[in-house]
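Participant: Got chain A; can you put chain B on it based on the hints?
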Amino acid sequence: MNELAPQSFTVTRADLVQYAGASGDFNPIHWSDRVATSVGLPGVIAHGMFTMALVGRAVDAWAGAGNVVEIGCKFTKPVVVPDDDEGTQILVEGTIGEPVDGRATIRLQVTCGGEKVLGAPTAVVRV
Amino acid sequence: MPVDDSLVGRDYPPTRPRPVSEEKVREFVAATGGEYAGVVPPTFPIVLAFDAMNDFLAAERLDLFRIVHGEQRFAYERPVEIGDVLTATLTVASVRSIGGSDIIGTRSEIHDADGALVCTAKATLVHTGGAA
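So the sequence lines, in the order shown, correspond to chains A and B. Residue numbers for the first sequence follow the working numbering, so the first one is 1 and each next one is one higher. Residue numbers for the second sequence follow the working numbering, so the first one is 1001 and each next one is one higher.
Isolated chain B (complex conformation):
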């Protein structure tokens, strides 16, 4: 399916709520070579943002293997804590095409169980075109 301007401004349903368990954070810390000290790493919210991106790709019938990450930013309202239950809501912010690739700007807002904004994750996804 082609990527075009009609995606801009489109938003997608919130992801399934994901508990930030100590086990999950320990797993993430171990996978990045660190030592767990009770603190959630600053890039951990990618787990939520990735859930949201997968839902977006499925909705638009885009293949994950054609996606390369171009840019990522996180801005925190507060640190993520063990015990949080988080959801991510993705919006397409921009789409442009360069040399056969689509550059898709996304914004995922990550909220806690009370609906308070915890973190905003902005990603640029580079979608390399397949056979037309």
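Looking at chain A on its own, in the form it has when it is part of the complex:
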């Protein structure tokens, strides 16, 4: 296993609004504290798919764009995004296994404030 260079990303409320528009995911738990708390969340949370898109960016940076064959994860802990200018930080770390038949598996660790937010994030890439 080879360690890959960690990648850090900032997420703000403005990013969530822009992602909602680009992805078509207008679930109000990603922009309304009122709705988010009504369903038991601590506040507005990032789209799981926004966090996964950041994982995709890290994987593209490591493996070269257009080489993902499989990518997946569980969304195990919500990423709460405060209503301020600083937002929150997502850290994406990974290790890549030895290639087999032209493909390699990247096992990732994705954290926010030192806590894992994704379960078993994994990508398979062409190498």
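Derived from the structure by calculation, the hints contain no laboratory data. Errors might be hidden in some of the hints.
[Unchecked claim] No more than 30 Å apart at the CA atoms, straight line, and that leaves these computed lysine-lysine pairs for DSS-like:
hint, chain 1, residue 1, chain 2, residue 2
1, A, Lys74, B, Lys1024
2, B, Lys1122, A, Lys74
3, B, Lys1024, B, Lys1122
4, A, Lys116, A, Lys74
5, A, Lys116, B, Lys1122
6, B, Lys1122, A, Lys77
7, A, Lys116, A, Lys77
[As the list claims (entries may be wrong)] Chain B side only, calculated, beta carbon under 7 Å to chain A, not exhaustive:
hint, residue
8, Val1039
9, Pro1041
10, Thr1043
11, Val1047
12, Leu1064
13, Phe1065
14, His1069
15, Gly1070
16, Phe1074
17, Ala1075
18, Tyr1076
19, Gly1115
20, Thr1128
21, Gly1129
Since this is a predicted model, take the numbers as computed values, not measurements. Quick reminder that beta carbons are idealized off the backbone N, C-alpha and C, glycines included.
Facilitator: Chain B only, in chain A's frame:
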């Protein structure tokens, strides 16, 4: 409307064909903080899968705001390319209930204009129950 086992195996009509335009991909890349380099990001097919999920929620009268994403996987037959025209077809793979929430497993197959499978998107949706 309650979520129950009767949904399992049910499939829904294909989504409206969606052209993968350079503009749309540029918008998606910008929204995820990246720089466009002519390549479609690996999670872009969520746009199609989300269309399919919205149709499913509307058909079953489920509220989007009660849905939290539990798991997502994409498996590619080939990369999505600018100029593709894609549709997604959703099937309910599993339903189970845990502590007042319904865990709905879905599988959306994303096909190109020739009907060839491009990507399979599997999602687990957690539906938190409202007032009965």
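Participant: Next, verify each hint and record whether it holds.
Facilitator: The hints, checked one at a time:
About 26 Å separates the Cα atoms of A/Lys74 and B/Lys1024, which keeps this hinted pair within 30 Å; it holds. Only pairs whose Cα atoms come within 30 Å are accepted, and B/Lys1122 paired with A/Lys74 is accepted, the gap being roughly 11 Å. Only pairs whose Cα atoms come within 30 Å are accepted, and B/Lys1024 paired with B/Lys1122 is accepted, the gap being roughly 22 Å. Of the supplied pair hints, the one linking A/Lys116 and A/Lys74 holds, its CA atoms being roughly 11 Å apart against a limit of 30 Å.
The hinted pair formed by A/Lys116 and B/Lys1122 meets the criterion: a straight-line CA distance of about 22 Å does not exceed 30 Å. The straight-line distance between the Cα atoms of B/Lys1122 and A/Lys77 is roughly 19 Å, inside the 30 Å bound, and the hint therefore holds. Distance restraint check for A/Lys116 and A/Lys77: the Cα-Cα separation of roughly 7 Å lies within the 30 Å cut-off, and the hinted pair is therefore satisfied. Because the smallest distance between the Cβ of B/Val1039 and any Cβ of chain A comes to about 4 Å, under 7 Å, the interface hint for this residue holds.
Proximity of B/Pro1041 to chain A holds as hinted, the smallest CB-CB distance being about 5 Å (cut-off 7 Å). Interface hint at B/Thr1043: satisfied, since its Cβ lies 5 Å from the closest Cβ of chain A, which is below the 7 Å cut-off. Taking 7 Å as the C-beta cut-off, the interface hint given for B/Val1047 holds, the closest approach to chain A being about 6 Å. The closest approach between the C-beta of B/Leu1064 and any C-beta of chain A is roughly 5 Å, which is under the 7 Å cut-off, so the hint is satisfied.
Contact between B/Phe1065 and chain A, as hinted, is supported at the beta carbon level, the nearest pair being about 5 Å apart and thus within 7 Å. Evaluation of the B/His1069 hint against chain A yields a held restraint, the C-beta minimum of about 4 Å falling below 7 Å. The beta carbon of B/Gly1070 is positioned within 7 Å of a beta carbon in chain A (closest approach about 6 Å), and the interface hint is therefore held. For B/Phe1074, the interface hint holds, the least distance from its beta-carbon to any beta-carbon of chain A being 5 Å, beneath 7 Å.
Checking B/Ala1075 against chain A: minimum C-beta separation of about 5 Å stays under 7 Å; hint holds. Annotation: B/Tyr1076 was flagged as interfacial toward chain A, and the flag holds, the nearest CB pair being 5 Å apart, inside 7 Å. At its closest, the beta carbon of B/Gly1115 sits 21 Å from a beta carbon of chain A; the interface hint therefore is violated under the 7 Å criterion. Taking 7 Å as the C-beta cut-off, the interface hint given for B/Thr1128 holds, the closest approach to chain A being about 5 Å.
A least Cβ separation of about 10 Å between B/Gly1129 and chain A goes past the 7 Å threshold, and the interface hint is therefore violated.
When the structure is compared with the earlier hints, violations turn up for hints 19, 21 and for no others.
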